[in-house]
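Chains S and V, in that order, are what the protein sequence lines are.
For reference, each letter of the first sequence is one residue, going 1360 to 1666 in the numbering used here.
For reference, each letter of the second sequence is one residue, going 93 to 488 in the numbering used here.
Warning: the hint list may mix true and false statements.
[As the list claims (entries may be wrong)] Examples of chain S residues toward chain V, derived with CB under 8 angstroms:
1) 1365
2) 1372
3) 1629
By construction, these hints were calculated from the structure, which means they are not laboratory data.
None of these values were measured; they are calculated from a predicted model.
Using N, Cα and C, we set each Cβ at its ideal position, and we do this for glycine too.
In case you want the letters, here they are:
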Amino acid sequence: MPELELFLQTLIAGFLLGGLYGLIALGMALIMGVMRVINLAHGDFMMIAMYIAYWLFTLFEIDPYLSVFVAAPALFLFGLAIQKYLLTPVMKVESILPHNLVILTVGLAMVFSNLATVFFTGDYRSTPVSYASNAWYLTDYWPDSPIELSLSMPWTLSFVIAVIITIALWIFLTKTDTGKSIRATSQDHDAALLMGVNVNRVRMVTFGIGMILVAAAGCLFIPIYYLYPALGRQFTNVGFVITVIGGMGSTDGAIIGGLILGIFESMTATYIGMGWAPAGRFAIFVAALVFLPGGVASILRKRRLGK
Amino acid sequence: MKRLSIFVAITFIIGLSSLNVYAQDTLKLGIPLPLTGTNAKFGEIEKKSYEIAKDEINAMGGIKGKKVVLEFEDSQGKPEVARSIVERLIDVKKQPVVFGEYSSSCSKAIAAVAEERKVPYLVVTGATDDITQQGYKYVFRMNPTNAYYATGFMSFLNTVVKPKTIAILYESSDFGTSGAEDMVHQAKKAGMQVLLKEQYEKGAVDFRPILSKVKSVRPDVIYMVSYVMDAALLMRQIKELRIDAKLYAGGAAGFAIPEFVQNAKEASELVMTATLWSPQIAYPGAKEFAEKYKRLYKDYPSYHGAEAYSALYIIKDVLTRAKSWKANDIRAAFKATNLTTAFGPIRFEDKAGYTNQNFMDTLVMQVIKGKHQTIWPQKYASAQYVYPIPKWRERR
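Next comes chain S alone, as it looks inside the complex (with noise of 0.2 angstroms):
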């Protein structure tokens, strides 16, 4: 019973994490479908988003979920401004080198951690909100129960909202004509301007969008985590792993990559050992270029072609 105990805990663990993986994967992806471009700022435009809870939440107690709605529009604007003013002059550039954009993307990223580091010093911060360490147990509600589970209440809080975000975005892609020449964009990007789909627009829209996923991503992880200037980096490199995991640039992908990394994490550090994660987590995405190059989304769209 202890095994079942350990191994359903391990999963649940998992399950929550993999959820909010999927999220900052989600924006990271949906970007590089439409742009071609791999965001490697990702981890730090979350950095942002989280800076903008932390201080509604020291400085006017605004709970970190609610502050969703600043640090989302805050961070739509700002990745506009990004696009048109930085991403878009870079892209009209003819170079030798055809990354100039992911060069660029990287040193925001350094800009936006030291100048974090400046303003904010290097100090840790975190929001302790009254529930952080609340939870549900399974013994609560079924008393003869022969294991004991336990279900974190802001990691569910994160996860449950995380779906419905996940749920928001996948509606407006594939109801609306904005979300309609995004897919189309991602899909063939020649095809979509020849069908008369304004493609500038759709980019800056899409990177806006890619924001405003980052930015609800750290509001949700700030309750769960905490915060400091170099955080971006380790968040990039998750985005990063999910996103090839799921295939370059497939949102369906990114979602189900998010669930893959995060069980596969925490089985790593119940049946292997914690120190092992890092090293895990680099093993799979070797292991997802060299076996599976399309990642999940090839398979899903094998399934799709057999039907």
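Fit chain V to the supplied structure of chain S, relying on the hints for placement.
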């Protein structure tokens, strides 16, 4: 013309003599400290603490009537720089006694020079055991060594808790690994069984998998070596998973500072930690120093501050008692030291393979009602310890 030259001569002589008087009335002490580089933060804490002590001593009339002037020299945390600083202090400035430096490696380099030049050296913070294990005659150490760091905590375990099993979690860094190794050693000596020894990646988001594993082996004591944010996350998730152990303990660092309580909130309640010193400790002058430091610099000092602050008092005590300021007399005065400072009682003893080492009780702190309180040894306690610790389910 003649008158003028006499005038000049007289002013010159007066000037000289007043300079002389000035020289006699001040005692310049050079202190090597890492003021830049990775250890700069600790160098800064110590510098501020030395200055507080200096102002207090000068207000009380200085050392043997001499006004103390401190000159801080930046060692950048590099042993070779520390070494050359001390060589200059001894050879050029003829300083009768040397003290200071933060890291073990720098203290070790200085100790070798001091022994060679036969000038007494007081080690203030370097904790590596072998500094005072080499039979150096002129090297004295006021702080407990690494091997004695957890003695207070172990004595609490053996007297009050009497645990049979322990689980150790630690971050995968030098600090974490050495802390965990030391605990394994101590636990075995105390007859405890180490059920689990697991490292984790610093900055991890989710500790539940590793903690579920801890839960399934049911240890009496959960011992963690972590920096502050990991410490807070660990305790929060321990509370959430309702892992009931007889004791939750941290190896100083992240668990011993107020930020731990601020971040872990009620999950930090009743958690214990080993430490060398705390701002509420009942040593005479400790609280006053801590409050003064907080008033000046807005934060409580760490134990490094208390060590530096007390070091200058030890120097004052030794130089006051020494028959003359020749090396051998100062050394004799060091040997005879029996002083209680804000950092604790200071006596330099030769025992257990150490020479001129101060042995003192290390402390155990417990978070009680959201505040760190010193609970062990009981003679220094600022509050009665809370034990047994209630199960999570029964709390509140």
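Requested in this report: Run the structure past the numbered hints and jot down the numbers of the failing ones, going up.
Outcome: none
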